[in-house]
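Asker: Protein chains in written order, with this note's numbering: chain P, 77 to 748; chain B, 20 to 413; chain W, 2 to 297.
Each hint should be verified, as a subset may be incorrect.
Under the rule of at most 27 angstroms between Cα atoms (straight-line distance), these lysine-lysine pairs were calculated in the DSSO-like manner [what the hints assert, rightly or not]:
{"no.": "1", "chain 1": "W", "residue 1": "165", "chain 2": "B", "residue 2": "397"}
{"no.": "2", "chain 1": "B", "residue 1": "402", "chain 2": "W", "residue 2": "119"}
{"no.": "3", "chain 1": "W", "residue 1": "119", "chain 2": "B", "residue 2": "79"}
{"no.": "4", "chain 1": "B", "residue 1": "399", "chain 2": "W", "residue 2": "165"}
{"no.": "5", "chain 1": "B", "residue 1": "376", "chain 2": "B", "residue 2": "401"}
{"no.": "6", "chain 1": "B", "residue 1": "376", "chain 2": "P", "residue 2": "197"}
{"no.": "7", "chain 1": "B", "residue 1": "158", "chain 2": "P", "residue 2": "130"}
Everything labelled a hint here was simulated from the structure, so no lab data went into it.
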Amino acid sequence: MAYLEAILINVAIYAIATLGLAIFTGYTGLFSLGHAAFMAVGAYTASILTYFYKVPFFAALALGVILSVLVSLLIGYPTLRARLRSDYFAIATLGFGEAVKVILENFDLTQGARGLPGIPKFSTLGNTYLLLVLAIILCRNFLKTTYGRKIIAIGQDPVAAEMIGIPLLPNQLLSLGISAGLAGLSGGLLAHYTTFIQPSIFSMDLSSLVTAGVVCGGMGSLTGPVTAVALFVIIPELFRGFALWRLVFYGMLLVIIINWRPKGLFGYEELNRKNLPKLFSIAGITGGLSLFMPTYRWVIESRGYEIFALLVAGAVAGAVTVLFGLLGKGLSLALAPVAERYHSLRGRLSERVESTSGELWSEGQRGASCAVRHTPDGLIDGTTALYETARLTPESSKENEAANYTAGTNVKTPILELEELRKNFGGVVAVDGLSFKLSEGELLGLIGPNGSGKTTVFNLISSVYPVDGGTILFRGMDITPWGPTEVVEAGVARTFQNIRLFGSMTVLENVQAALHREGSYSLLEGFLQWPNTVPKVERRLRDESRRLLAVVGLEREADRRASTLPYGLQRKLEIARALALRPKLLLLDEPAAGLNPREATELVELIKRIHQDEGLSIILIEHHMDVVMSLCPRILVLNFGRLIASGTPEQIQKDPRVLQAYLGEKAYAVVR
Amino acid sequence: MKRIGTMLLAALLVWAVLGACKPAEKKAAAAKEETIKIGHTVALTGPSATWGQSEANALKMAIEKINAGGGVLGKKLEVIAYDNRADRVEAVNVAKRLIEQDKVVAIIGPAQSGVTNAIREVNNSAKVPVIATTATNPKVTVNDDGSVVPYTFRVCFIDPFQGTVAAQFALKDLKAKTAAVLYDVGDDYSQFLAKYFVEAFTKGGGKITANEAFRSGELDFRAQLGKIKTGKPDVLFLPTMQKEAALAAKQARDLGITATFLGGDGWASPDLIDLAGPAMEGAYFVNIAALEDPAIQDFIKEYKERFKEDPVLPNPLMAYDAALWLADALKRAGSTDGEKLKAALENTKDLPVLTGKLTIDPATHNPLNKPATIQQVKVKDKKFVYVKTFVTTD
Amino acid sequence: MFIQTIITGLSIGSVYALMAVGYSLVFSVLNFSNFAHGAIITLGAYIAWALMVHYLQVPFFPALLLSMGGAGILAFLNERIAYSTLRRRRAPSLYLMISAMGVAISLQNLLYATIGAKLYALPPVFAMDVVHIGELTISKMDIFAFVFSALTIAVLHLILIRTKVGVAIRAAAHDMEMVSVLGVNLDVLVGVLFFIAGSLGGMAGVFMGVKYMVYPSMGWITNKAYIGAVIGGLGSLPGAIVGGLLLGLLEALVSVSSLGGTSLSTYRDVFSFGILVILLIFKPTGFFGRHVEDKL
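Okay, chain P solo, but in the shape it has when bound (with noise of 0.2 angstroms):
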């Protein structure tokens, strides 16, 4: 019974530090090779407190999460700001690790390489337990909020990420931050069970070993990674006289998962329902190879026979498995009616709460839900909806900024000018002196033959590369030094030539990523689900994203895979995650790009809503010459990165110069 008890606290170990890695790894999508030394820092921290300063075990154990806390700010803020590509950062983080653990060997106070024996023994199967199930708790907490989202965008798309105003480096240190306490944690709780610990156990066999639970159990799930880390912990324990086989079977399933199924286990999924008989299988699988040898030894001695004895153990181990198998099936079947009625009554109980503790929330909300009308062609007309939606955050300090600058008092006032933009790619020129201005509440077109530039002038204005020369003005104020979250913040909201979504959230979850500035509660109540804000702000973020989706006629995909979306519709998405950004200028990059007509015709009709019902000044690149041409009452044209041409539908299409610049100068002498 001791050795089961001694697997069980094993695995229970290693599953928290495994669930720390999983949000920075799995979620975040940084991948971090030597997050032993987190480990370490909590083991020797609880130990050498509770063994030379006799602390109380949990005090000791939050201490030790504390400074693995503090380590991991220390060593990431300056790996993170430097914005590594990911098999770089990774490699750092290794070297972080070996550093750490020669520290250590050298350390006076940590008796060095040869370790600290006699650590008195208070991990226990109850307390470790738990520890994880309030870590399992936490971790599923926190991600379920607008937090945890950010932190999932990043991992996602970083590059989208920013461009939603969700800042990198506080995200990312913040998700760093918490697996490295979980990391510590785990460290602690380990030292107390094995009673002694010496640097050498915080290798790089431990980091891989939490690294390959998280890559083989899904990065993206909390699920996975905890059953795949049980699993490793489990399996080599059944054929015992093969320790050293542990790690080579490690190295093959990291090999074989990442080449042949690099979503592992659960993949983005946590467990539910409909993954149950995976589950069941899973541990069928474990059970059936765990009665495998006691059911070989039992047939040996009392018959003797090796094959007899292999062929009855196989049996045995089969059918367990399948049992199991059918097992989780039924399970999943029989649960079926039960989920419905549970979510329905979840549901129903959330809106007695919410509307009996008299939250504020303003007329103009309430107004808005009954004024959405049903058009035609299935677009919800709530588009005026969205900006009467009363703020319940304090509008940001950029746009008090901006203030000066008063909407509507002056059509002619450009809100945004661009004077002599330059931006040079090492040799090449992608932009040219380039200057032209927008009026408020204007539809501009931008056009050119491809490397033109046009992609790279709104990446200069949202800033995703820095000015090489020129100036930016937006509403009044120079932005050019401006970071791309600042842009954001100031009002300016862009899609993606190629569509840059957050594939593994759903549509909805999309749009609220983006949401993320209104949505305002601590992240300790986010930790624990605080009764009293979170869910009403989750359901108001909610049923804003909801009201969005309407806009663009997506609300019917609202949980779904976002990644599993047609193309057609991942576009509209884009869209409406830009509009939940409150932007006052909206840069579209070519969003008909592969759409069919009758795709073209409705995004057309979108955008004209869009424009036309909230004012919102609209810069617009198409190849789409009949989308442009129909749209847009001006066209810019560039070339060379620089302005060719300026000026109506009518008068483009006539224009010399354009014509050269798309058909080439002897076609154009032909086509004249």
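Put chains B and W on the given structure of chain P with help from the hints.
Answerer: Frame of chain P; chains B and W shown alone:
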């Protein structure tokens, strides 16, 4: 999922089959009668395996002899051995398994000081005596405040003695005036043996020209050796295991260092000669016992007949002695109870063992009057040659 | 002592440099860090051991060549099994790196589990022969290793400049897609690339085995070689050589220095890994590396 699942399943089943083949022997060991179980934690694989395998063999021999003589307390002794790979973490696991699952009454081994330290908490809290075979660091049985570690014993000499022997040998026999040291900072044994050598050498009037360290696992010491070379020492003391000693000797000679090499019992594995080659010709080291010692010739003959090779000293001797000591203590204690066994072990006087008479100091759990031998490495003849014996008096 | 330390540093550095070249070669074309290189180096050493000590008594030079060939083949197989699928799928370089890690862990522990952790020495080549220059000594093995490595790298250089395969490799380093469009069989090209890199690794492994010993975790030292490659700039062959030598030198100097009375020799790895981290943060392209940016 299906394809991967089947692949994995197939792989695991293959593994299961492989795994099935191994434990077949274990079932045969299920003795029907009751036995007194003794644990053996030993390095059966890894760099220390040459000693460990030999130790395991000798222990087997010893136990069989004891059982042939009627066993202890009317029962036969049974050895349960697990491989600790000389790794501290593994040793902790092994100790737990021996104590909690196999319910041994005592444990023989480990052979390394660091490893014995690592399992201290485990065996002491469970009140199961541990008799280390060749763990020579004083801290193994005596705490910093002078109190004794209640359930840890040893059957070999301690490093302060070994360091003194080495230093005095260097001063008197090698006529060395200066010495340099290169030790492993990650190993209790190496670090302290170096310290005791330095103390004794300086006390005896010698001068230490350099005291350099390297990190465990290092292979290239030429930077440190370059520094050592400038001091032109007469003797280079290498209180490390055979692998590092061999490398250091090779590299030192490469650099043109002409000092005589001197070491401790960590050198005593035959593969020292293979690994070091001619660099080690004529080097000296301190050991717990030597093959030429007349008192143990019977044992050596028996061992050779049975296992067809020389025992790799000193471990097999120590394990044998430990077995004799344990059996005697069990008889005197009259039971397998931990506390009674501990008391019996502590109060051992003049017990005849292979290496002489064993008397234990209850205050330190260390043997008194343990001799040390000096051996010389003869690469060309591929053997260690006995030079002389030192005896301790405290 | 100072000059002797320099010589020691160069000697260690030349081993690092040799290993780093293999790393950089793969990086220059495939743009990922092949962590399995260390395992190939270790296997090269073991092949030499098998040939020279365990199964046969092959003399040094043929054993060296055979080990190089064997390691090359293993590297080729490694690519086929663990990388080719990802490569064809244009997976991000991070995935390739993880796959490489998996291979490294498997192979190293496979050695532990099968042959065991016992240490083996390769028969001494040039035994204890040293060359004395005044107070300094340089071992003949080092000189041989240095010269042979230099020759091999020179041959590699010639291959890259003069032969068709070499030109194809250099073109692929710039633009893999274009090269395949132009009709080069990428699979063959990458295979050849890994064979070359593996052979260099095998050579490094044999030299290491002769200099020190043969044991399963030899691969760990290639982490250092990797640092050397980063210092010189990943993807640049001259960079790898410079970086490796530089790292060896710096390590040797650190090993003999003290800071306020404490010897720094045991902190040496903090120093090396510290340099790695600092470089990655501030100048990931190292001395000679290329800067690659993605079009957004």
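Asker: With reference to the structure, classify each hint as holding or not holding.
Answerer: Here is how each hint holds up against the structure:
A C-alpha spacing of about 56 angstroms is found between residue 165(W) and residue 397(B), which places the hinted pair above 27 angstroms, so the restraint is violated. Restraint check for residue 402(B) and residue 119(W): the C-alpha separation of about 20 angstroms stays at or below 27 angstroms, so the hint holds. The suggested pairing of residue 119(W) with residue 79(B) holds, with an alpha-carbon distance near 23 angstroms, which does not exceed 27 angstroms. Between residue 399(B) and residue 165(W), the direct Cα distance comes to roughly 53 angstroms. Violation of the 27 angstroms bound is thereby established for this hinted pair.
A C-alpha spacing of about 32 angstroms is found between residue 376(B) and residue 401(B), which places the hinted pair above 27 angstroms, so the restraint is violated. With a C-alpha separation of about 39 angstroms, the suggested pairing of residue 376(B) with residue 197(P) is violated against the 27 angstroms cut-off. At roughly 22 angstroms between alpha-carbon atoms, residue 158(B) and residue 130(P) fall within 27 angstroms of each other, so this suggested pair holds.
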